[in-house]
Amino acid sequence: MEDTGTVVAFWILAALTVGAALSVAAVRNLIHSVVLLIVSFAGVAGLYITLSADFIAVVQILIYIGAIAILLIFAIVLTPRAGRLNQEGFMLLPALALAVLVAGTMIFVAFDTSWAISERDGFEETATAIGDLLLDKYALPFEIASVLLLSAIIGAILLVRPEGAEEGPE
Amino acid sequence: MAIILSGEWYDLRDLANPIRELIDALGAPDAVDYVLWSLIAALAILIWLVVSVIAFIWIERRLVALMQNRKGPNRVGPAGLLQPIADAIKLLLKEAITTRDADRILFWLAPIIVFIPTIVVFAVVPFGESMVLADLNVGVLFLIAVAGIMTPAVFIAGWSSNNKYALLAAMRAIAMLISYELIQVLALLAAVLFIGSMNLQAFVSWQDEYNTWLIFILPLPVVAYVIAGAVEINRSPMDLSEAESELAAGYHTEYGGIKFGFFYQAEYMAGFAIAATVTTLFLGGWTLWGLEEWIPGWIIFLGKLYAVFFLYIWSRGTLPRLRIDQLMAFAWKFMLPLMLVNALVIAVEVVVWEETGASRNVALPAIGAVNATLAVILVIGWARVLGHGSGLQRGYRATLTREIGKIYYTGAEVS
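Those protein sequence lines, which keep their order, are chains A and B. Once you know that position 120 of the first sequence is 958 in the working numbering, the rest is easy, because the numbers rise by one and skip nothing. Once you know that position 334 of the second sequence is 342 in the working numbering, the rest is easy, because the numbers rise by one and skip nothing.
Just to be clear, a hint being listed does not mean it is correct.
[To be verified] Here are the in silico distance ranges between beta carbons for each label pair: (1) B:V387 x A:A913: 51 to 61 Å; (2) A:A935 x B:D32: 54 to 64 Å; (3) A:V947 x B:L44: 42 to 52 Å; (4) A:D970 x B:D333: 39 to 49 Å; (5) B:A374 x A:D970: 20 to 30 Å; (6) B:E301 x A:G843: 32 to 42 Å; (7) B:V359 x A:R999: 29 to 39 Å; (8) A:L936 x B:A315: 53 to 63 Å; (9) B:W322 x A:I914: 33 to 43 Å; (10) A:R999 x B:G395: 36 to 46 Å; (11) B:P328 x A:A977: 29 to 39 Å; (12) A:L889 x B:A33: 32 to 42 Å; (13) B:D41 x A:V940: 39 to 49 Å; (14) B:E103 x A:L889: 38 to 48 Å.
These are calculated hints, taken from the structure and not from any lab test. Backbone N, C-alpha and C define an ideal beta-carbon position, used for all residues, glycine too.
Chain A with its partners taken away, still in its complex shape (with noise of 0.2 Å):
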């Protein structure tokens, strides 16, 4: 974080990234909220690029705003009363009251913590020692969360599915 050019795109992304999270809840249209969700979601894999985290950055972008954007809009299309305007909004002040709640917790620990500074310089490539992490390391936790989400989707499948349903013709 020394040269001027990193300081500055963070100071940028951090603003597009914070600004577009702040929008995300006070825009009206449900839609318009995902598509600056989208731009949130870019700006923090443009933080991930000045941390020199290229693989996490690429994978926040092919899972976040391939993905899970596209998660947040089929939910949105078949929520019944996610109207195109989105007139509907109860609950304001308990949600209000938690996300202060929230806001503040995180930005007392963010002051409070004493955080431990690496003096190194940013990694030649993660993506290797990633992997070799991974595949070594936490092969457990890998595996299991792997085996989790199989386990989800096949979960999903079955609760879809109508009792009964009769084989596809294939």
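Once you have looked at the hints, place chain B on chain A.
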């Protein structure tokens, strides 16, 4: 000039070198150099893309006309050469209509967002030995990730039109894109597993070093990637997200004028991006078994790229369109299992090669033969298992059609 006369020979065949020399000659600080270099390279790529698209609009129309025994554009200019320019002028001059109920901001934004990923992809593609804008370590992943931005853009286009047909078409396009993105990822995963790197330049140098193309070693992923690419760029036989003869125009029904032109051009550029990916990853990129010593690498690269793109033109001119349920079934029931098995087999092969330490002259042909045989067995065998290709081709009605038919014609509740 002075550089050449000074006796220091710089390889001018690689277009990046003279540009670098010119920038260095300015003597500006590093940051300015970097920005200048990026700008010039990006501009060069952009100009190349636009020129290619304009040229290929004419070439494609003439080629498809040739395949279908028509004449194609032949009025504007000699042999109709000026037709794409006339089309472009028409698109530019037409009124850019925004429908009354459209979501104005998103409606205006969608063509631009669609445009971005198709250009950004070329940042990591090596056109020559040093002609690469951003030599990323995670290049392959970057290709997939950037192509994934298309998906929300398509939805935004369909949704902001505020037209139920556009919205439905957008949902259909998203379903297709997501399904085939999976196939794409698995195909590229196989290649990355084999090479052991995600850097596109590493792919090229690997294929150069081993004197082979990856297509000979991994035939199945190449085929899968080309098919999945056809879905991504909306090309026949997978062009049902905007099947112009059946649907209005899919998710960009409401777009006219230059806004439509953006979608049209983005699709072409995405086509070049897919062709560039196939060229770099599977066809040796800018190398051609030593010929790159004599011919500039970027000419070889572009030659291969256009050859791959010709495949798409060819398929568009000859193949009939698939139905949506056929397309989805093909992705999930046919391609996905095959690609999973393929990835597993390639992982095993890589480990076996490493463990036995066989020489490359033995290992590569052996792996290639095994993979080719396996591809044929898997494709034919799995098709048999699914009930196709047994000689008795029975036509099934699509599940969806049957179910809807039940509701409409018999009034029966679908269980």
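Against the structure, the hints come out as follows:
{"no.": "1", "hint": "B:V387 x A:A913: 51 to 61 Å", "verdict": "36 Å, violated"}
{"no.": "2", "hint": "A:A935 x B:D32: 54 to 64 Å", "verdict": "60 Å, holds"}
{"no.": "3", "hint": "A:V947 x B:L44: 42 to 52 Å", "verdict": "43 Å, holds"}
{"no.": "4", "hint": "A:D970 x B:D333: 39 to 49 Å", "verdict": "42 Å, holds"}
{"no.": "5", "hint": "B:A374 x A:D970: 20 to 30 Å", "verdict": "28 Å, holds"}
{"no.": "6", "hint": "B:E301 x A:G843: 32 to 42 Å", "verdict": "38 Å, holds"}
{"no.": "7", "hint": "B:V359 x A:R999: 29 to 39 Å", "verdict": "38 Å, holds"}
{"no.": "8", "hint": "A:L936 x B:A315: 53 to 63 Å", "verdict": "59 Å, holds"}
{"no.": "9", "hint": "B:W322 x A:I914: 33 to 43 Å", "verdict": "40 Å, holds"}
{"no.": "10", "hint": "A:R999 x B:G395: 36 to 46 Å", "verdict": "21 Å, violated"}
{"no.": "11", "hint": "B:P328 x A:A977: 29 to 39 Å", "verdict": "47 Å, violated"}
{"no.": "12", "hint": "A:L889 x B:A33: 32 to 42 Å", "verdict": "35 Å, holds"}
{"no.": "13", "hint": "B:D41 x A:V940: 39 to 49 Å", "verdict": "45 Å, holds"}
{"no.": "14", "hint": "B:E103 x A:L889: 38 to 48 Å", "verdict": "47 Å, holds"}
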